[in-house]
Each structure stands twice: as C-alpha cells, then as structure tokens.
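Trainee: Next come the chains, spelled out residue by residue.
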Amino acid sequence: MNEIQHGSHDPIGAVNGHDVITGKPIVPLGHHELRRADIDPKAAIRAERQVAAMFGLSSVLIVTSIIAFIVVPNDVLVILPLIGPVNANHISVGFSLGLGIFLIGTGAIHWAKKLMPDVEITEERHAFASSAEDKAAFGEAIREGKSASGIGERKIIRRSLLGSLALFPLPLIVFLRDLGPMPKTRLRETIWDKNIEILTDATYRPIRPEDIPIGGLVNAVPANLLKIEEEDGNLNERGKASIILVRMAPADIVSQQGQGWDYQGILAYSKICTHVGCPISLYQQRTHHLLCPCHQSTFDLADSGNVVFGPAARRMPQLPITVNEQGYLVAASGFKEPIGPSFWERG
Amino acid sequence: MALSRRHPAAIFAVLAVALGTTGAAYAAVSASTAPKSVVKSATQVEQGKSLFLEGCSSCHGLAAQGSSDGPSLIGVGSAAVDFQVGSGRMPLAGPGIQSEPGPVHYSDNEIAALAAYVASIGPGPAIPTQDMISTSGADLALGGELFRTNCSQCHSVSGKGGALSQGGWAPSLMKADPKEIYEAMVTGPESMPIFSDKTVTVQDKQAIIRYLQELQKQDSPGGAALGRLGPVTEGLFLFIVGLGALIVVAVWIGAKAK
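From first to last, the protein sequence lines are chains S and G.
Residue 241 in the working numbering sits at position 240 of the first sequence, with consecutive numbering throughout.
Residue 177 in the working numbering sits at position 153 of the second sequence, with consecutive numbering throughout.
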C-alpha cells in the first residue's frame, strides 16, 4: 500500500499483526468499526435526545443568566463549599452563562461523535512544486516584460531608478534616530548630591542619627525630591533615588565602599536591585543581608553591599552620608557609581 | 547536655519552688512599712531575675549578655520580653529554629517580672501603653502608605507574610493584635529591623495598626483567596485544575465513540 509497510503485511513496529511493545493486535488500515448508533436505531434516537437535551439545557441556562443578572442582588455574599464567600450575582451569572456556553460545545461534540459519519477518509495532498509549464511561462513573462519596458536599452531611466531606490531608506534611518532624546547621563545620575537632606519616605521628616537604633531600618528619599513635580519626572527620580538607612554596631561592619561613608554605623544603600531594578528593603538585621524578593539576590550590607547569593552581578551602590550643622543626616556626595540594573553603555 | 535532658516535669517543680520562695519573700517585704510601689517594683525585678536565671539564662547568659545560643538582652527593653514571652514565642521550642507564637509558659505576673528585670539591666523600648496603641483617630490612608513603604517588602501587601533567606520567613500579620504589632516594630524580633518611634512615630504606628486591622477584617468577595499568596498558589491551582480540566475534555473529544 505505502512505504511504511514492509516484509509481510506488518507496519513498522509490528510482528505478525501484533504491536511489538504492547502485544496488542494491530487494526489494519481501512478497517472501520461501526458504532452502536450506526447499527441500533434505538441507540441513535437515544444519542439524538442526549444532544438535544444538552442544547435545550444550554438555552435554559443562558436565559437564566439574563434573569440572574437582573434579579440577583450584587451586594450579597453567599458562602459556597470549597470556594468560600462569593458575590451572589457574580456566581449565579457566571455559573449559568458559563455552563450554558459549555453545553453548546459538549452537545456539538457528542453529536459529531455519535451521529455524524465517522468513516476514515484519505485526502490526497497536492505537490508543492509548480509544473514545468508554469515555470516556463513565468520565465517567459519576465523576459517579455524586460524587453517591452526597455530597461536594458534606456540607461538613463535605469540609473535614475537605481539612484532613487538606493536613497529611499535614508529618511527612515534619520526618522528612527529621532524616536526620542538620548538618555545622556540620566542613567548614571540621581538627584542625590552633597548636603541633600535625607527624609523618611512617605512622611518626609528629617532624620537625626540618634533616631536610628542599632538594628534599625529607615526607608528614605532625598529632600529635593519634593521640589520635583510629577510632570517633570518625580516618579522617575524617586525610582532612582530611593535609599535605605540601616544601623549596625560599628564592629560588625566588615567593609564599606569608601572610607568613612557611614555615620557612626549608619549606612545608606540604594534601594534599587542591581539585577533588574526591583525596589528592595527586605533587610534582615541579624545577618545584615538585604534580600530581593523578585529573584532572591542577596546583598551583605555589612560587607560593602556585595552579592552573596542570586543572579545580581553587581554590588548594591552605597551613598556616603554625614550630618549637617543642624544635626540631621545628609548625603556627603551623590552616588559614586550608577544605581540599579546594568545597561549597555555602563561599562 | 545534662541540662537539656532533665525530666520535663523538673522545670515545673523548680518553678513552683522559685515561685513559692519569691512569693513568700514578696509577702514578707510587702508587710513592711516601706512605700508599697517602690518595694513592689524592686521585688518584681528580683523575681524577674530569678525567673530569668531559671528559664532564660541557659541561652541568653547569666547576665543576659547573650551567648552562641541566644542574643544579648541588654537594652532590648520590656517590650521585647512582653512580645516574645507574652505571645509564647519564648522560651524557644528548640535551638536554631524560628520562634512562633504558641502556648504561653508564664503567668502575666511572671512576664511583668521578667520584663521589669530585663528593663532594669539596660534602657530599651517599654511596653506600649493603651493610649499608644489606640487606633481611634488614626489615619487609615497614611497607615496604608506606611505599611506599603516599610512593612510590605517582607510581610507582603496582603499582610500574609513571606519567605526570607536561609529558611526563615516573615510571619502572617492576620492574627497580630495591636500591642504585638507595636512591640514588634520597636524591638525588631528575629530578622526584623527596628522601626524606632523617632522615624516611625507613635501616630505613624497607630496608622499602620489601624490599616492592619482593616486588612484583617477584609473578606474575599472573589471566593477562595488561596492563601492570598498571589501567583504561587493561583498558578498552581490553574496548572492542576485548569489544565487538568482541559486535558479531560481533550481526551473525551479524541476518544473513539462506541
């Protein structure tokens, strides 16, 4: 019959009409087994009624969903087993409409499986390649077009056309370049600078060193953030400049990113993960570890913010801090390295 | 070794003796003519010290200076004792595990005595008064903002808690009472950092507590909340139930009719 047959009449993987792995008899191609509904008219009628019942029930449920939408109050909670408290309107509309649509599908499948013809059909596939005549005709059409247009003889037309075709992508390149202003130094800089006061996040109060006990954590922002309007990029600046302050016993500090960047054991670190930029303040005060909940990068804040676990490739940048004349914590300078995730030009 | 293998009932026997003697001592002292409150607090500290030596010093050291088994308690304040012992987190069930709330092993008087003793060895945060944890007039919106800024990174935005490193976890706050929440913020139990009254003021803490009380009252109008853990449980549910249902339907469609 075809290539997968070999030797006797066994297809590949079968010996003497039995599957070599399961040992079950192989049903020969072309064999068709009749269904109960094909033989027994009573079974056919039963199947017909089952399909009609599914469609009928579906109609009832769809009408029910409309009625439920209008009638069932949407401010009442009902408690269902396993699901718990749910809005009575939502559950009744959703259940009736969902089951109604589902029954249209099951009815159609049941109909197809039980009653529609299920004889196996072989469908021949057309060859993909064009016939030799079609190929020749196409070649002839090209040649005819070439000689009729005179592109071979009329050199001035040919050359001017080539020139315009070569130039037309140029505007695209110029326009694409202008999709937006270049980021310039914005990826490298934050609004932190020398003597910028450190404020508590959300309440915006200045912080004295003695306000933070050993083991303490403060989520903080720069004071000049409050002067930036939302339309001028307040959220962008907040996203870059957010820091955390932690205090540990000075003896616990193994190393810092710069000499004297702490203030009496208070360390300021960027809050933006160097992996993909999640804000992290998941600080565990006993181990001094800062854990990023997104991908479990862990930084040791007692040891220069170095990565001790996870996918982050760079240490957490530290902000040098000191106090001003009024005794409030301020930045001693801006960040000395770009904060947040790596970018192409970072180097 | 011998210490940890003593009979389980031994602690009660020793406790009973200690209580009996301190009780007798208390009765003897309070019968004297000295001003009652001063004497009471002095004996409370002494009672606390004997309770401490009996039940806590094996890990925290004889002078509460800490050891390899437990941190120093100098300067942790009475709030830490009230939080840890009052909720049954201490005494710890075993070494090296994270403490969890459980049956409380000391009476209220004993906890007060322990707290007085620990407060006497170094200044630290005191047990909050009723006024400090009252949430009437607290700013709910501010509480939500402060919770999302300072707490949600570990306890999750739903307050259901979350994973920390090295097998630790931030507990769920769904059953935490106002005093517990306040004490946890000022004392920083286990991995939790301290949020002092200077950076997160008493009013801020009241707002956070009010917000948490609202979270605790929230029900789930969408049905089963699946632990409010977000994509972890919801994804698992969809994988098993949703994909399972699709597979069942696909098998039914593909099965040959009889």
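These aren't lab readings, by the way, just hints derived from the structure by calculation.
Think of the CB as a built atom: it goes at the ideal place given N, C-alpha and C, for glycine as much as any other residue.
Errors might be hidden in some of the hints.
Pairs of lysine-lysine residues, derived as DSS-like cross-links and limited to a Cα-Cα distance of at most 25 Å, are as follows [to be verified]:
#: 1; chain 1: G; residue 1: LYS282; chain 2: G; residue 2: LYS241
#: 2; chain 1: S; residue 1: LYS114; chain 2: G; residue 2: LYS199
#: 3; chain 1: S; residue 1: LYS25; chain 2: G; residue 2: LYS280
#: 4; chain 1: G; residue 1: LYS280; chain 2: S; residue 2: LYS114
#: 5; chain 1: G; residue 1: LYS241; chain 2: S; residue 2: LYS25
#: 6; chain 1: S; residue 1: LYS43; chain 2: G; residue 2: LYS241
Stretch by stretch, here's where chain S covers chain G in the computed footprint (C-beta under 8 Å, at least three residues) [claimed, not checked]:
#: 7; region: 118-125
#: 8; region: 204-215
Simulated restraints on C-beta separations [stated by the list, open to error]:
#: 9; chain 1: S; residue 1: GLY234; chain 2: G; residue 2: TRP276; range: 32 to 42 Å
#: 10; chain 1: S; residue 1: VAL16; chain 2: G; residue 2: LEU253; range: 46 to 56 Å
#: 11; chain 1: G; residue 1: THR257; chain 2: S; residue 2: GLU49; range: 56 to 66 Å
#: 12; chain 1: S; residue 1: ALA138; chain 2: G; residue 2: GLY259; range: 20 to 30 Å
#: 13; chain 1: S; residue 1: PRO118; chain 2: G; residue 2: ALA187; range: 39 to 49 Å
#: 14; chain 1: G; residue 1: LYS241; chain 2: S; residue 2: ILE215; range: 47 to 57 Å
#: 15; chain 1: G; residue 1: ILE277; chain 2: S; residue 2: PRO12; range: 17 to 27 Å
#: 16; chain 1: G; residue 1: GLY254; chain 2: S; residue 2: LYS43; range: 47 to 57 Å
#: 17; chain 1: G; residue 1: GLU78; chain 2: S; residue 2: LEU81; range: 50 to 60 Å
Trainee: Need the list of violated hint numbers for this structure, in ascending order.
Mentor: 1, 2, 5, 6, 7, 9, 11, 12, 13 and 14
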